[in-house]
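> Spelled out from the first residue to the last, the chains are:
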Amino acid sequence: MKDKLMQAVESKCLKKENPYFEVGDTVDVYCKIQEGDKTRTQIFSGTVISRKGRGMNEMFTVRRMVGEQGVERIFPVHSPNIDKVMPVRSGKARRAKLFYLRKRTGKGVKLSQRHTEYTTTK
Amino acid sequence: MMLLGKKIGMTQVYNEAGQMTTVTVLLAGPCTVMQVKSPQKDGYTALQLGFDDKKACRVLKPEEGHAKKANTAAKRFVREWRINGKEEAKYNAGDTMDVNLFENVNYVDVAGISKGKGYQGVMKRHHFGGFPASHGTERKHRAGGSIASHATNRGNSGKIKKGKRMSGHMGMDRVTSRNHKLVSIDPENHLLVVKGSVPGPNGGYVEIHTAKTKS
Chain A
18 MKDKLMQAVE
28 SKCLKKENPY
38 FEVGDTVDVY
48 CKIQEGDKTR
58 TQIFSGTVIS
68 RKGRGMNEMF
78 TVRRMVGEQG
88 VERIFPVHSP
98 NIDKVMPVRS
108 GKARRAKLFY
118 LRKRTGKGVK
128 LSQRHTEYTT
138 TK
Chain B
39 MMLLGKKIGM
49 TQVYNEAGQM
59 TTVTVLLAGP
69 CTVMQVKSPQ
79 KDGYTALQLG
89 FDDKKACRVL
99 KPEEGHAKKA
109 NTAAKRFVRE
119 WRINGKEEAK
129 YNAGDTMDVN
139 LFENVNYVDV
149 AGISKGKGYQ
159 GVMKRHHFGG
169 FPASHGTERK
179 HRAGGSIASH
189 ATNRGNSGKI
199 KKGKRMSGHM
209 GMDRVTSRNH
219 KLVSIDPENH
229 LLVVKGSVPG
239 PNGGYVEIHT
249 AKTKS
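Protein sequence lines, in the order shown, are assigned to chains A and B.
For the first sequence, this note's numbering gives the first residue as 18, with consecutive numbering after it.
For the second sequence, this note's numbering gives the first residue as 39, with consecutive numbering after it.
Derived by calculation from the structure, the hints in this document are not laboratory data.
Idealized CB from N, CA, C, for every residue including glycine.
Please note that the accuracy of each hint is not assured.
If the Cβ cut is set under 10 Å, some of the chain B residues that face chain A in the computed set are [to be verified]:
1) Gly47
2) Thr49
3) Gln50
4) Val51
5) Tyr52
6) Ala55
7) Gly56
8) Met58
9) Val61
10) Leu65
11) Asn227
12) Asn240
13) Gly241
Pulled a few chain B residues facing chain A out of the computed Cβ check, cut under 8 Å [stated by the list, open to error]:
14) Ile46
15) Asp224
16) Leu229
Generate coordinates for the entire structure from the input sequences, incorporating the hints supplied.
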């Protein structure tokens with residue numbers, strides 16, 4: 018009963034088509050940014066290092082290196098401000114959370130490639 | 039306007055601007071008008087609303103008879119709502135009221151019974167400061183301090199002033215939280231979605247009023 022009613026409320030905000038990607042994948046996140054009256058799309062690309070939560074609360078963390086500096090952004094999967102998430106390259110991950118990448122720099126952050134059907138090649 | 043209902047739970051939704059809002063989902067109604075109180079008979083004008091049918095085996099005979107007058111089953115949650123004397127004629131016992139009442143409403147007040155916290159000290163119950171962790175404090179880090187002296191304003195008897203805040207049972211009180219923005223209405227499932235948190239546990243009964251101070 019409770020779940021049914023909660024779903025009735027949440028289902029209006031959930032995205033119909035979820036992008037498919039896994040932890041370890043390199044993704045391009047197309048986020049909408051409001052500047053005055055205009056909205057434009059900015060692409061944040063990096064490795065998905067964690068995915069957590071259920072339903073409305075589902076979030077994923079994308080990490081990228083800018084020079085020597087690591088940058089992480091946490092996105093809600095169902096946010097209307099995210100246009101789409103494109104998986105670019107699949108990486109081999111043996112655990113659900115790749116927080117060990119935070120200690121690595123340079124070549125060490127690159128995961129070995131896994132061949133899948135859902136990643137698009139640029 | 040008032041509706042009786044049940045707190046279902048909390049979640050988040052996105053508004054038109056794409057911002058996340060924390061909301062509480064309330065099952066509101068459908069309520070039945072059990073009785074219309076009139077000045078001639080009862081001395082005041084009010085609607086008695088009932089929500090959620092009682093299990094047949096738990097219904098007492100007087101309850102059954104009272105509900106029968108409104109041609110309905112006995113209810114678990116019954117509350118009154120005072121109305122203007124002129125409005126009395128609009129309502130009849132046995133009418134049903136649902137979320138469509140709140141169609142043009144922007145803000146609501148929600149009253150419920152808050153979660154019980156048990157016997158609590160003054161720091162949790164009344165937000166007292168307590169005492170320092172160190173600098174010579176011994177065995178009274180969370181104490182309330184002095185409660186009276188010889189010269190309190192109840193005379194010099196050394197009695198404690200009435201209403202002095204002390205430790206005791208906390209929670210399980212009737213609490214009204216005011217001015218919740220009404221985010222959306224779902225007439226199909228009888229749901230009201232209001233911004234913020236409301237008193238009580240999930241599944242607890244609540245009264246939902248139109249906001250008293252904001253419209």
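> Which earlier hints can't be squared with this structure?
No numbers; nothing is violated.
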